[in-house]
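J.: In order, the protein sequences belong to chains Y and P. Counting along the first sequence from 1, when you hit position 162 you're at 162 in the UniProt record's numbering, and nothing is skipped either side. Counting along the second sequence from 1, when you hit position 61 you're at 61 in the UniProt record's numbering, and nothing is skipped either side.
Just so you know, these hints were derived from the structure itself, not from any lab. Here the structure is a predicted model, which is why all the values come from computation and not from measurement. Hints are supplied without guarantee of correctness; some may be wrong.
Pairs involving identical chains hold if they fit within one copy or between any two copies, as the list cannot separate such chains.
[Stated by the list, open to error] Below, a list of computed lysine to aspartate or glutamate pairs in the EDC-like style, where the Cα atoms sit at most 16 Å apart:
1) K66 x D127
2) K159 x E68
3) K168 x D129
4) K66 x E110
5) K30 x E143
6) K66 x E143
7) K30 x E52
8) K66 x D98
9) K30 x D129
10) K168 x E109
11) K168 x D116
12) K168 x E74
13) K30 x D127
14) K159 x E107
15) K168 x E110
16) K30 x E48
17) K30 x D141
18) K168 x D117
19) K159 x D98
20) K168 x E107
21) K30 x E110
22) K168 x E48
23) K159 x D28
24) K66 x E48
25) K30 x E68
26) K159 x E147
27) K159 x E143
Each chain, letter by letter, is given below.
2 protein chains.
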Amino acid sequence: MLDAAYVNGTFVHMPLHDCNFVPDFMIDSKDTAILRVLQRNGRLTNVELAAEVYLSPSSCLRRVQKLEHDGLIEGYVAILNQTVIGKPGTVFVQVTLDSQQQEYLHEFEEGVRALDDVMDCHLMAGDADYILRVIVADASDYERIHEQLTRLPGVSRVKSAFALRTVKRTTQLPLNGPAVPDRRA
Amino acid sequence: MLDAAYVNGTFVHMPLHDCNFVPDFMIDSKDTAILRVLQRNGRLTNVELAAEVYLSPSSCLRRVQKLEHDGLIEGYVAILNQTVIGKPGTVFVQVTLDSQQQEYLHEFEEGVRALDDVMDCHLMAGDADYILRVIVADASDYERIHEQLTRLPGVSRVKSAFALRTVKRTTQLPLNGPAVPDRRA
DNA sequence: TCTCTTTGGGAACACCTACCAGCATGATTT
DNA sequence: AAATCATGCTGGTAGGTGTTCCCAAAGAGA
Chain Y
1 MLDAAYVNGT
11 FVHMPLHDCN
21 FVPDFMIDSK
31 DTAILRVLQR
41 NGRLTNVELA
51 AEVYLSPSSC
61 LRRVQKLEHD
71 GLIEGYVAIL
81 NQTVIGKPGT
91 VFVQVTLDSQ
101 QQEYLHEFEE
111 GVRALDDVMD
121 CHLMAGDADY
131 ILRVIVADAS
141 DYERIHEQLT
151 RLPGVSRVKS
161 AFALRTVKRT
171 TQLPLNGPAV
181 PDRRA
Chain P
1 MLDAAYVNGT
11 FVHMPLHDCN
21 FVPDFMIDSK
31 DTAILRVLQR
41 NGRLTNVELA
51 AEVYLSPSSC
61 LRRVQKLEHD
71 GLIEGYVAIL
81 NQTVIGKPGT
91 VFVQVTLDSQ
101 QQEYLHEFEE
111 GVRALDDVMD
121 CHLMAGDADY
131 ILRVIVADAS
141 DYERIHEQLT
151 RLPGVSRVKS
161 AFALRTVKRT
171 TQLPLNGPAV
181 PDRRA
């Protein structure tokens, strides 16, 4: 029983009947369970993971390897405490480029990618606006980063907004399917 | 030779002389190297990690356990592909609460934390503004989430901005210290 | 029934991890 | 200044545990 499929770069919820296409790969409820568990603890041993999702270690390992191979699992990372490493502050930065300067887009983005303090950067709808999430030690640390940003090619305006507090922050993507797999089957 | 310390909730770069305080814990260049490696690959085996940072497995394991115990390493997670699981879109949502309704703050935040599609939420400087990062399948999926957000207690205004493209996205916090530890010492 | 896929068991190998003694550093005593 | 001690870190060792590939058997679909 399949729940969903990834077809030609697009995710498809299975109609359950009438599947006249060849999906790149498919995900059933046990895969979903594996992903759900690994999103919470990426260092579980294979035998522990297998027990959580009611599979044998060998079968579980095969599924995980397939999920990794298919690019569903991009990787495993350690999550560090932002405060303890000395960067407790978060700043959202809105960057506007000189319009009609599309030739700078690529250069600007390369520059952003090279800045270690910029955690995320999104190109937004509208006129060449970017939203960046930057982590900082304090205000004077931000001054340094602000300066680096204004120096990037094509930048016309930089508007900053400081976060007072982080209410929620997660890496766990929402997954369809049961929270706990059926022990049977 | 110590590089930095965490003292009374504050990160301190060591003056190297005249350290007349008792730090909660200290981080040397080998710890930094370990953290740097684990931020890139959180599933390395201990022996592989030890080889990367030029330590014996037993010594390396002890350091990792300490970093975990001290809360520097908050955990390990699998990073999934947002597109492949069916949520390719990212929306930044700016939420304004009714002013003078501080009593709703807590309820609103609890509500946000319960929404699986809201990945991050920050309280921003200014008048009760929140910035949320929401991941969506498509426009109609966002309609559903938008509705859920407007229903939360105290919400007065919800302003959405769609991301066209993700330029950068990382979980790797910048760390001071050498990228590669000294093989000697 | 036949075919194809997926499963669980087994075995060789690698890893984990607690305990050990040895070494370096720094403080205290003589 | 020399000797002694204490402290904290290091690498080595070994038994228990986990990993991972191969194979036979069971299950689902045609």
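J.: Now, for every hint given, state plainly whether the structure supports it.
T.: Hint check:
In this assembly of identical chains, K66 and D127 lie within 16 Å of each other by CA distance neither inside one copy nor across copies; the values are 41 Å within and 48 Å between. In this homomeric assembly, K159 and E68 never come within 16 Å of each other (Cα to Cα): the closest approach is 39 Å inside a single copy and 37 Å across copies. Only between protomers do K168 and D129 lie at most 16 Å apart by alpha-carbon distance; the minimum there is 14 Å, versus 25 Å within a single protomer. Taking CA atoms no more than 16 Å apart as the test, K66 paired with E110 passes in neither setting, with 32 Å inside one copy and 36 Å between copies.
In the homo-oligomer, the alpha carbons of K30 and E143 never lie at most 16 Å apart, since the shortest distance is 48 Å inside one protomer and 30 Å across protomers. In this assembly of identical chains, K66 and E143 lie within 16 Å of each other by CA distance neither inside one copy nor across copies; the values are 45 Å within and 34 Å between. With identical chains, the CA atoms of K30 and E52 are at most 16 Å apart within one copy only, with a shortest distance of 10 Å there and 34 Å across copies. In this homomeric assembly, K66 and D98 never come within 16 Å of each other (Cα to Cα): the closest approach is 45 Å inside a single copy and 49 Å across copies.
Proximity of K30 to D129 under the C-alpha cut-off of 16 Å is found in neither arrangement, the shortest distances being 41 Å within a copy and 40 Å between copies. Proximity of K168 to E109 under the C-alpha cut-off of 16 Å is restricted to the inter-copy arrangement: shortest distance 8 Å between copies versus 27 Å within a copy. In this assembly of identical chains, the alpha carbons of K168 and D116 lie at most 16 Å apart only when taken from different copies (11 Å versus 22 Å within one copy). For the homomeric pair K168 and E74, the shortest alpha-carbon distance between copies (15 Å) is at most 16 Å, but the shortest distance inside one copy (22 Å) is not.
For a Cα distance limit of 16 Å, the shortest separation of K30 from D127 qualifies neither inside one copy, at 44 Å, nor across copies, at 45 Å. When the C-alpha separation of K159 and E107 is checked against a cutoff of 16 Å, the pair qualifies neither within a copy, at 20 Å, nor between copies, at 30 Å. Taking identical chains as interchangeable, the C-alpha atoms of K168 and E110 lie at most 16 Å apart only when they sit on different chains, with a minimum of 9 Å there against 29 Å within one chain. Taking the shortest alpha-carbon separations for K30 and E48, only the intra-copy value of 15 Å comes in at or below 16 Å, while the best inter-copy value is 30 Å.
Proximity of K30 and D141 under a CA criterion of 16 Å is satisfied in neither setting, with 46 Å inside one chain copy and 25 Å between copies. In this assembly of identical chains, the alpha carbons of K168 and D117 lie at most 16 Å apart only when taken from different copies (12 Å versus 20 Å within one copy). Taking CA atoms no more than 16 Å apart as the test, K159 paired with D98 passes inside one copy only; the shortest distance there is 14 Å, against 25 Å between copies. In the homo-oligomer, the alpha carbons of K168 and E107 lie at most 16 Å apart only across protomers (13 Å), although the nearest pairing inside one protomer, at 32 Å, exceeds that limit.
For a Cα distance limit of 16 Å, the shortest separation of K30 from E110 qualifies neither inside one copy, at 39 Å, nor across copies, at 30 Å. In this assembly of identical chains, K168 and E48 lie within 16 Å of each other by CA distance neither inside one copy nor across copies; the values are 28 Å within and 33 Å between. For the identical chains of this complex, K159 and D28 are neighbours neither inside a copy (45 Å) nor across copies (36 Å), given an alpha-carbon limit of 16 Å. For the identical chains of this complex, K66 and E48 are neighbours neither inside a copy (18 Å) nor across copies (23 Å), given an alpha-carbon limit of 16 Å.
In this assembly of identical chains, K30 and E68 lie within 16 Å of each other by CA distance solely inside one copy; the values are 15 Å within and 30 Å between copies. Taking the closest pair of Cα atoms, K159 and E147 come within 16 Å of each other only inside a single copy of the chain (12 Å); across copies the shortest separation is 29 Å, beyond that limit. Taking identical chains as interchangeable, the C-alpha atoms of K159 and E143 lie at most 16 Å apart only when both belong to the same chain, with a minimum of 12 Å there against 28 Å between chains.
Checked against the numbered hints given earlier, the structure breaks hints 1, 2, 4, 5, 6, 8, 9, 13, 14, 17, 21, 22, 23 and 24 and satisfies all the rest.
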